[in-house]
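For any residue, its number in this note's numbering is found by taking its place in the sequence shown, counting from 1, and adding 555.
Hints were generated in silico from the structure; no laboratory data involved. Honestly, I wouldn't trust all of these hints.
[What the hints assert, rightly or not] Here are the computed lysine-lysine pairs in the DSS-like style, where the Cα-Cα straight-line distance is at most 27 Å:
no.: 1; residue 1: Lys993; residue 2: Lys981
no.: 2; residue 1: Lys752; residue 2: Lys781
no.: 3; residue 1: Lys676; residue 2: Lys638
no.: 4; residue 1: Lys980; residue 2: Lys945
no.: 5; residue 1: Lys854; residue 2: Lys993
no.: 6; residue 1: Lys965; residue 2: Lys945
Bear in mind that the values here come from a model prediction, so they are computed numbers and not experimental data.
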Amino acid sequence: MVSVSGVRGLVGVDMNPEVAARFTAAFSRHTGCKTVVLGRDTRPSGAYLAESVIAALRFNGVSVIDIGISATPTVELMVKELKADGGIIITASHNGPEWNALKFLNSEGEFPSSSVIEAIKKLVESDESLFRDEQRFGSLVSEEGADSRHISRILELDIMDRSEIADAGFSAVVDCVNGGGSRIVPALLRSLGVDVKELFTDIDAPFPHVPEPRPENLIELSETMKRVSADIGFAVDPDADRLVLADAVKGVRSEELTLALVVDFVLSREKGPVVVNMSTSRIIDDICASHGVPLYRSKVGEANVSEMMKDVGAVVGGEGNGGVIYPGLHYGRDAMVGMALILRYLVGENASFAEKLDLFDRYTIVKKKVPFNGNLDDVFVQLENDFRGKISTLDGIRIDMDEGWIHVRKSNTEPVVRIIAEARKKERAEELVGRVEKILERSSL
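Based on the sequences and whatever the hints tell you, model everything.
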């Protein structure tokens, strides 16, 4: 399926070397790029798809800078660092190893507009030739220093202070799910003087658990945090654009708390607008109100958040699934800069990390994915009648009520409908989700 940033599918079913080559060739023909940065996560199919991507690019006269196994934000950053015309990331992000995808980047190292993706799709589906008939082929070079350059750019940020973090003597446990962040995450933390215990940082090993970084999938991180009493725990997804936190008391915490801490810290140093997506927790509303700054909500998706951040001049933003976007570095979700900012936030704090997280743990958010083949427009009408509140139809439908909110939308990455509900009590959030599910069930009959 074509997603907001490229094309994704089940390996061997609708994602294979032929699909990869055709979409890559269409990308190169449509954009006219001359140099492309290529990176991938660790899923087994990635190496084979990379060969196909490289061949398609070079056949079309495009030179390839291959940075190998890497985090998505590293590829994004390297496009700008190396002054390339674009980038391709081979990753299905938080999905299991049976999935893979191509994500395309423009010359800014950002996901292109939906119109570009649609044009690439139309080119693939057309009878037009995707390959040039000239025999002038692109070059291939390997770039070994991508992680180091990414780390250097984080340490150079004005908001950072490496010496203060190092002097604090933090200890951390990291779960990198044997993915693309397995090398850069420990390296970054050690460069900040953090004592690191590594879980699942073997790039040659399979994913050790369901790769989406949610508490139910991160049992070993929770247990290890409690056993060794580390100061902080970090977990990332296979391409390290999402970050989840853990403490030594409660273990892995809600993914919504990651952005909350980052936003509060950045606003303590620099006042300005904040942008999050429609599915992000109300805690960000509370934090922005306490700092006296405006909050804007965009459609779900990194590209949508980044675009609005530029439009309003946001100082920080992201998505509630653990996606931190700090424009001082680049306009992309970046787990590594999230870690660094949170460590900087904790310097000099008298409270424990668990106590700090508790300050922002005011709401419970419940998220559910439901297969659905009915008419969503009919569902939205029923939701408007069933739930009384402030309605937004910017992205699916979101209804804000005094006691909580619901957001219902088609997924950008999977053939499902996503239901998100939030309230102060878990039981109330679950009740809201249940009411939405019943409406979906009635509409699919």
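Each hint, compared with the structure:
1. Distance check on the hinted pair: Lys993 and Lys981 sit about 18 Å apart at the alpha-carbon level, within 27 Å; holds.
2. Between Lys752 and Lys781 the alpha-carbon distance is near 13 Å, which keeps this suggested pair within the 27 Å criterion.
3. For the proposed pair Lys676 and Lys638, the alpha carbon gap of about 26 Å is at most 27 Å, so the pair holds.
4. Restraint check for Lys980 and Lys945: the C-alpha separation of about 20 Å stays at or below 27 Å, so the hint holds.
5. Under the criterion of a C-alpha separation no larger than 27 Å, the hint pairing Lys854 with Lys993 is consistent with the structure, at around 25 Å.
6. Only pairs whose Cα atoms come within 27 Å are accepted, and Lys965 paired with Lys945 is accepted, the gap being roughly 20 Å.
Checked against the numbered hints listed earlier, the structure breaks none of them; every hint is satisfied.
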